[in-house]
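Student: If you want the building blocks of each chain, they are given just below.
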Amino acid sequence: DTGVSQDPRHKITKRGQNVTFRCDPISEHNRLYWYRQTLGQGPEFLTYFQNEAQLEKSRLLSDRFSAERPKGSFSTLEIQRTEQGDSAMYLCASSSPLLDRGREQYFGPGTRLTVT
Amino acid sequence: AQSVTQPDIHITVSEGASLELRCNYSYGATPYLFWYVQSPGQGLQLLLKYFSGDTLVQGIKGFEAEFKRSQSSFNLRKPSVHWSDAAEYFCAVAPGNTPLVFGKGTRLSVIA
Numbered sequence: 655d656t657g658v659s660q661d662p663r664h665k666i667t668k669r670g671q672n673v674t675f676r677c678d679p680i681s682e683h684n685r686l687y688w689y690r691q692t693l694g695q696g697p698e699f700l701t702y703f704q705n706e707a708q709l710e711k712s713r714l715l716s717d718r719f720s721a722e723r724p725k726g727s728f729s730t731l732e733i734q735r736t737e738q739g740d741s742a743m744y745l746c747a748s749s750s751p752l753l754d755r756g757r758e759q760y761f762g763p764g765t766r767l768t769v770t
Numbered sequence: 738a739q740s741v742t743q744p745d746i747h748i749t750v751s752e753g754a755s756l757e758l759r760c761n762y763s764y765g766a767t768p769y770l771f772w773y774v775q776s777p778g779q780g781l782q783l784l785l786k787y788f789s790g791d792t793l794v795q796g797i798k799g800f801e802a803e804f805k806r807s808q809s810s811f812n813l814r815k816p817s818v819h820w821s822d823a824a825e826y827f828c829a830v831a832p833g834n835t836p837l838v839f840g841k842g843t844r845l846s847v848i849a
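As given, the protein sequences belong to chains L and P, one line each in that order. Here the working numbering is used: the first residue of the first sequence is 655, the next is one more, and so on. Here the working numbering is used: the first residue of the second sequence is 738, the next is one more, and so on.
Okay, chain L solo, but in the shape it has when bound:
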């Protein structure tokens, strides 16, 4: 069990550029979550997948954001036309229905995005 991994750990981009983040969940975890955390705040839910299916998206996920999990394993989160307000830590988590019915989530180290 190597834990949840995220890549890159840090990303600096200029406003208007597109960025893509990757998350590799714990193997055999069929649920994968994306959260966003801004300075001084707790993580806020963005979206989650069960296998390949995107089951829920929050209102925070504007149309500039898109997430995929094509084969039910790793996931990508893309932000198009980045804005300074997108600067945040993007956290990925995964869970298994075999562990407390999937309620216990394991978090990755996060990707810190800075938009200049």
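Careful, some of the hints might be misleading.
[Unchecked claim] Simulated restraints, written as ranges between beta carbons of each label pair:
#1 Ser-846/P to Glu-706/L: 40 to 50 angstroms
#2 Gln-795/P to Gln-695/L: 20 to 30 angstroms
#3 Ala-707/L to Thr-792/P: 32 to 42 angstroms
#4 Ser-776/P to Ser-716/L: 29 to 39 angstroms
#5 Leu-793/P to Gln-671/L: 44 to 54 angstroms
#6 Lys-841/P to Phe-728/L: 40 to 50 angstroms
#7 Thr-674/L to His-819/P: 34 to 44 angstroms
#8 Ala-707/L to Arg-814/P: 31 to 41 angstroms
#9 Glu-758/L to His-819/P: 24 to 34 angstroms
#10 Pro-751/L to Ile-797/P: 17 to 27 angstroms
#11 Ile-797/P to Thr-770/L: 36 to 46 angstroms
#12 Thr-767/P to Arg-735/L: 21 to 31 angstroms
[Claimed, not checked] Where chain L lies over chain P, by a calculated footprint (3+ residues, C-beta under 8 angstroms):
#13 755 to 768
#14 797 to 810
[To be verified] Capping the alpha-carbon separation at 30 angstroms, the derived lysine-lysine pairs in DSBU-like fashion look like this:
#15 Lys-841/P to Lys-668/L
#16 Lys-665/L to Lys-841/P
#17 Lys-711/L to Lys-725/L
#18 Lys-711/L to Lys-668/L
#19 Lys-786/P to Lys-805/P
#20 Lys-841/P to Lys-786/P
#21 Lys-786/P to Lys-798/P
#22 Lys-711/L to Lys-665/L
#23 Lys-841/P to Lys-711/L
#24 Lys-841/P to Lys-805/P
#25 Lys-841/P to Lys-798/P
#26 Lys-786/P to Lys-711/L
None of these hints come from the bench; they were simulated from the model. Just so you know, even glycine gets a beta-carbon here, dropped at the ideal spot from N, CA and C.
Dock chain P against chain L, hints included.
Tutor: Just chain P now, with coordinates in the frame of chain L:
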């Protein structure tokens, strides 16, 4: 809508002193409750969780939390704080089989 309140933004304690971090939630039924810890620039690590049963739950690193239904609270405690406990602590609820709802966090500073 479900919500979590952590009333203390920042707490400073002396090393060796006891600690209590407060958490109140708003939800119609008993939710699933969690405490996570986050060191600077890092992801979140689960300290402990409450789903049902004994209302006093033990976690890692010597932490414990008590669920009080009448007060809608799930306070985190530690009898003797170590300097390495300095971090941000987040209370979270999962109202059913849904994504977590987090509080805004309490930053813990430990002084000698």
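Student: Indicate, hint by hint, whether the structure satisfies it.
Tutor: For each hint, the structure was consulted:
no.	hint	verdict
1	Ser-846/P to Glu-706/L: 40 to 50 angstroms	holds (44 angstroms)
2	Gln-795/P to Gln-695/L: 20 to 30 angstroms	holds (28 angstroms)
3	Ala-707/L to Thr-792/P: 32 to 42 angstroms	holds (36 angstroms)
4	Ser-776/P to Ser-716/L: 29 to 39 angstroms	holds (30 angstroms)
5	Leu-793/P to Gln-671/L: 44 to 54 angstroms	holds (50 angstroms)
6	Lys-841/P to Phe-728/L: 40 to 50 angstroms	violated (30 angstroms)
7	Thr-674/L to His-819/P: 34 to 44 angstroms	holds (39 angstroms)
8	Ala-707/L to Arg-814/P: 31 to 41 angstroms	holds (40 angstroms)
9	Glu-758/L to His-819/P: 24 to 34 angstroms	holds (25 angstroms)
10	Pro-751/L to Ile-797/P: 17 to 27 angstroms	holds (23 angstroms)
11	Ile-797/P to Thr-770/L: 36 to 46 angstroms	holds (38 angstroms)
12	Thr-767/P to Arg-735/L: 21 to 31 angstroms	violated (43 angstroms)
13	755 to 768	violated (count 0)
14	797 to 810	violated (count 0)
15	Lys-841/P to Lys-668/L	holds (28 angstroms)
16	Lys-665/L to Lys-841/P	holds (24 angstroms)
17	Lys-711/L to Lys-725/L	holds (19 angstroms)
18	Lys-711/L to Lys-668/L	holds (26 angstroms)
19	Lys-786/P to Lys-805/P	holds (14 angstroms)
20	Lys-841/P to Lys-786/P	holds (18 angstroms)
21	Lys-786/P to Lys-798/P	holds (14 angstroms)
22	Lys-711/L to Lys-665/L	holds (24 angstroms)
23	Lys-841/P to Lys-711/L	holds (21 angstroms)
24	Lys-841/P to Lys-805/P	holds (20 angstroms)
25	Lys-841/P to Lys-798/P	holds (22 angstroms)
26	Lys-786/P to Lys-711/L	holds (25 angstroms)
Comparing the model with each earlier hint shows violations of hints 6, 12, 13 and 14; every other hint is respected.
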